[in-house]
Structures are given as C-alpha cells and as structure tokens.
Amino acid sequence: MSIQYYIILCLTLFSIGVVGVLTRRNAIIVFMCIELMLNAANLAFVTFARINGNLDGQVVAFFTMVVAACEVVVGLAIIVTIYRSRRSASVDDASLLKL
Amino acid sequence: MSTVDILFYLLSAFAIVSATMVLISKNPIHSVLWLILVFFAISGHYILLNAQFGTIVNIIVYAGAIMVLFLFVIMLMNIKKDAEPQKQLLVKLTGVVAGGSLLTLLIAVVKQTTQIENKQVLLKEGTIGLILTLGQALFTDYVIPFEISSVLFLSAMVGAVIIGKK
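Chains as they are written, first to last, in the numbering used here: chain A, 1 to 99; chain B, 100 to 265.
Bound-form chain A, shown alone:
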C-alpha cells in the first residue's frame, strides 16, 4: 500500500472538515468538524510514524488527543454560556465578544 493513498485519505477528511466549518451555522456542528480535522491530522501523524518506524508520530497524536479533550471541555462550556445569554447556538449571532 503506497503512502500516498493514506495522505490523500487524510487530506479528504480534512477538507470535509473545512467545508463543514465554512457552510454550517450551528456552533456545535462547527466544533465537530474541527474535531474531524484534528483526527485527520492525527491519522497523518500515525501514518508517518509507521513509515519511519519510530514512535514520535504516535506520541504527537497522543498529545493531540489530550489537547483536543481540553479544547472540547472549554469550548463546549463557552458555547453553553453563549446559548444561555442569546438563546441561540448559531455562530452568526455571536458576533460580539461581550455578553
């Protein structure tokens, strides 16, 4: 199996995530598309770790998961706060930083 197929798969998943961020309005769906992009990058890291035969890529993927977990916790708290004050989860309604 050539490595190019793996990279193209990662790029496809990443681009699907980009399209989701650009086209959807619901903040939670936008957030889920960001998770998809992070996972595509993770898959690329693991692929390169396998090609080079060392662990560095897998360790980076592991740390990406750690940071993604923290990001989700804080991001969802912010989304819930915005929803409480504006009664809407649309990203277009949250155009101001103040509540």
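Quick caveat, the hints were computed from the structure, so don't treat them as lab data. All C-beta atoms in this analysis are idealised placements derived from N, C-alpha and C, irrespective of residue type, glycine included. Check the hints yourself; a few may be wrong.
[Claimed, not checked] Ranges of calculated distance between the beta carbons of each label pair, as one might list FRET restraints:
no.: 1; chain 1: A; residue 1: Tyr5; chain 2: B; residue 2: Thr239; range: 31 to 39 angstroms
no.: 2; chain 1: B; residue 1: Lys191; chain 2: A; residue 2: Arg87; range: 18 to 26 angstroms
no.: 3; chain 1: B; residue 1: Asn177; chain 2: A; residue 2: Asn52; range: 45 to 53 angstroms
[Said to hold, decoys possible] To spell it out: a stretch of chain A is covered by chain B in this simulated footprint if at least three of its residues, at any positions, have a beta carbon under 8 angstroms from a beta carbon of chain B; those stretches are:
no.: 4; region: 5-11
no.: 5; region: 15-24
no.: 6; region: 27-35
no.: 7; region: 60-68
no.: 8; region: 80-91
For this one, chain A is given, so just place chain B on it according to the hints.
Chain B only, in chain A's frame:
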C-alpha cells in the same frame, strides 16, 4: 489485491461517507452519531498502521468521552431539528468550492513530493504501537510534555467550571 488493501479501501470509504453525513445531517444528534462512526473507521486505520494503543485511546477518549460530552450539551440546549437557520445557497456553494479547491491543491502537492513518492507503508510486522514501547517513550523522552499536559487538564477543568458557573 491483498486483504489489507481491501480493508484499507473499505475503511476509507466508510470514513469518507460518514464524514459527509456529518455535514449534511439536519439533526445535530445524527451528526454526532455519524462522527462516532468516523472515529471507529479511523481507529480501524490505526490498527492497520500498528498503532494499537492509539486505537484504544481513540475509541475510549474520542468515541467515548468527547462524543458523550457533545451529546450531553445538545440535550442540554434542546436544539430543535430545524432550529438552525440555513445559510444561503450561494454561501454554501462558495464553501464547497473553497474546500474542493483546497483538497485539489493539497493532493497536487502530495503527488509532486518526491520524498514520499514510492514509499510503502509496511502493514505486516512491527510492535512499535504497543503500550509497552509507547509508555517507555512517554516516560523517558517525552516526560516533560506528559507532565505539562496534566497541568493543562487541570486548568481546562478549572476554566470549564468557572465559565459554566455564572
């Protein structure tokens, strides 16, 4: 065509179809469920790439914990099926064209890169992804980032509590 090739194509098609369904589902809960399927497909790819520990962590952390968090928030906010205001068709079309252009550009770059041109992914032997080797790497070479990530978790927890309290 070997078994591994067939598995690769099956998992790839599964991942791409599920990822597309995340985009086009109207109901956010369906999006979450499709995203869990994407994560399972990616975990299958990790198994093919000899990242056994990565597979387990991906299923437990992503498909388990993070997606349950998303489901909780969706239920908490009680989003109706068609409450999301739709963007105009022109905006959607522009987004799809922009994403497609990005994909084309990146694929062209990958096709022209000579360093990875004829390299093969060795899909058979290898134990580099086992928890033993990964644990040794994490606690020797990467021990400082590992400890710092625990501080990151603590600060994320405190931050979430403070944001959600008011």
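Taking the hints in turn, this is what the structure says about them:
1. A:Tyr5 - B:Thr239: 31 to 39 angstroms: Hint holds: Cβ distance 34 angstroms, inside 31 to 39 angstroms.
2. B:Lys191 - A:Arg87: 18 to 26 angstroms: holds, 25 angstroms
3. B:Asn177 - A:Asn52: 45 to 53 angstroms: holds, 48 angstroms
4. 5-11: Contact hint for the region 5-11 of chain A vs chain B: holds, 6 residues under 8 angstroms.
5. 15-24: Holds, because 9 residues of the region 15-24 of chain A bring their Cβ atoms closer than 8 angstroms to Cβ atoms of chain B.
6. 27-35: holds (count 6)
7. 60-68: holds (count 7)
8. 80-91: holds (count 5)
In this structure, every one of the numbered hints holds.
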